[in-house]
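K.L.:
Here are the chains, one letter per residue:
2 protein chains.
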Amino acid sequence: MPKQITLRSPLDMHLHLRDGDMLKLAAPLTAESFSGAVIMPNLVPPVDNLDRLLEYKQRIVDAVGQHQFDPYMALFFRQYSEQELAIAKEHMIGIKLYPAGATTNSEAGVKAIDAVEPTFKMMEEMGIPLMVHGETHGFVMDREKEFLESYDYLAKKFPKLNITMEHITTADAVEMLDKHENLRATVTLQHLIITLDDVAGGMLDPHLFCKPIAKRPEDREALLQAALEAHPRLMFGSDSAPHPIEKKECCGCAAGVFTAPIAIARLAQLFDKHDKLDNLQVFISDNAQKLYGIKPTEKLITVTNERFQVPPAYVGHNQHVVPMHANEELEWSISQIG
Amino acid sequence: MPKQITLRSPLDMHLHLRDGDMLKLAAPLTAESFSGAVIMPNLVPPVDNLDRLLEYKQRIVDAVGQHQFDPYMALFFRQYSEQELAIAKEHMIGIKLYPAGATTNSEAGVKAIDAVEPTFKMMEEMGIPLMVHGETHGFVMDREKEFLESYDYLAKKFPKLNITMEHITTADAVEMLDKHENLRATVTLQHLIITLDDVAGGMLDPHLFCKPIAKRPEDREALLQAALEAHPRLMFGSDSAPHPIEKKECCGCAAGVFTAPIAIARLAQLFDKHDKLDNLQVFISDNAQKLYGIKPTEKLITVTNERFQVPPAYVGHNQHVVPMHANEELEWSISQIG
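Chains V and X supply the protein sequences, listed in that same order.
Take the first sequence: its position 325, counting from 1, is numbered 312 in our numbering, and each next residue is one higher.
Take the second sequence: its position 250, counting from 1, is numbered 237 in our numbering, and each next residue is one higher.
In case anyone wonders, no lab produced these hints; they're calculated from the structure.
Heads up, none of these hints are tricks.
The following residues of chain V were derived to be distant from chain X, with all beta-carbon distances above 10 Å:
{"no.": "1", "residue": "-12"}
{"no.": "2", "residue": "-7"}
{"no.": "3", "residue": "37"}
{"no.": "4", "residue": "44"}
{"no.": "5", "residue": "97"}
{"no.": "6", "residue": "112"}
{"no.": "7", "residue": "137"}
{"no.": "8", "residue": "140"}
{"no.": "9", "residue": "142"}
{"no.": "10", "residue": "162"}
{"no.": "11", "residue": "216"}
Computed from the model, here is a short list of chain X residues facing chain V with C-beta under 8 Å:
{"no.": "12", "residue": "127"}
{"no.": "13", "residue": "188"}
{"no.": "14", "residue": "200"}
For glycine and all other residues, C-beta sits at the position ideal for the given N, C-alpha and C.
If we strip away everything but chain V, and leave its shape as in the complex, we get (with noise of 0.2 Å):
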């Protein structure tokens, strides 16, 4: 039976594009179909100034084309004065903190939470939100868990602080956010499908890892649930993340699982498997508009139960990207862009 859906702007609320050629190729790939995304900040040099913010905003508008876009820029965490923050605060959307190599590219993050406090006071007290990723240090199935004491902490302390719990991972991560009325959440595409099952239970799948990584059934079980009741805190956010494929089939594989051209279907062929098609507006667009008091440019997506061959590889100029999905054939796929 033929179904349908339009969504209003669809928003990617944790996207990474990277830069020079490899943004060229990412960019339009997200452009043509989400209304605006939440571009990290985590280049080399990190964005962590109001002069290399806008730069790069620049070539993201110059890489997307002709798509209408927006580019809800993030500023990289590190300790900023008043001064910085005022004037950069129109500029962006919030702004990143990375615990120091936590993630690709992340070397030059906060070693200490607590002696970053007075820039956590500032936001707080100017309502620039704090993206967080949110991993210590410790055993990679149990980083995520750890972090929690600090988002606990940080929620209370400055509870007048939006803090955005990215990427999270786990059912004890879903609790936290029921917690504190301060934090929020998103969550990925690939956290709702797989677990480190996929990744490492058959054979190893490079395409498929990412920092955090993959959890445990009942984990994703939980993300699921949240995002399919669209949990009113809960925000698509991608974390797609295009590395060139010598980066990824390769002894020592990095993180980031490339998932922007296909979101879209996807989360509609999964909304639509559990019953919960209408739910997936919420998730994918109105939470976002709502938590971040944004209002995007307008673009009507419609996705039908229509079958998508994914190709194996989305190729710009020297990249050779690979997606989540690559070679398979999806159920849903995107029939109009309005």
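Mind docking chain X on chain V? Use the hints.
P.N.:
Chain X only, in chain V's frame:
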């Protein structure tokens, strides 16, 4: 300070030698420093009759060349007749059971344990040991733990059947080992050293990906303590598994760590680090001799705390295999083989 230990007749109680060109490369790398090894039968087709077993043994003897080396042949578990077992018994050390699909070339394995009990019963009566790849098809971190009840069941139901829990990876398995006198276990080098962190905590490392997958820090600690204390029913079994480099550094990498050429030196380094060098002889040979009632070829291997650069690969005709610790320096090395 110069330190050394001379090991008498080291035994590798769980070894993959493969076949063809790979066998020719891998066999001498074990035979040089080990007196003997239990040879896994998961070829394609499996080594599941006496003819195949004797032919494979001859190919191993040929591949070993001038080294003194005892290949202890294992038969691939299936339902055997009493007559088949009777004629095969003197040519083998035991029968290896794979749950169907649990690891490399195990598609012909057992689908339900209770359906094959007549063969267990005959093995028990004839004094033929059972060796088991003990994993369910559950979530990758739970597979061994979930299988433990099968060990418990078999050990109770067949109290005179000697059952080896192959390549144990969890603290729970160490506990199970202590529960029944007719259970014994092998443990690999890598599971004494690494956790899932080393496989997937930083970059994804295909050369440390194996089945069972490396588990949590507390699991490694329990295994290490049992080995260092020379637990009387724990034996060294490398599970060294050579895969051609193109099956490892690729998309969808095969499971197995190649440790044979470095195992003895690395174990000496590990036991020395914990001031337990005196227990290495029991772990690497004496326990196996007692538990299996074998008298291996006499071989004296002297290991010294002199540095050794592990090569990037071992290369044979059409074969290129990357060992554990490739390009790293070990603190100990084999200084004399007598």
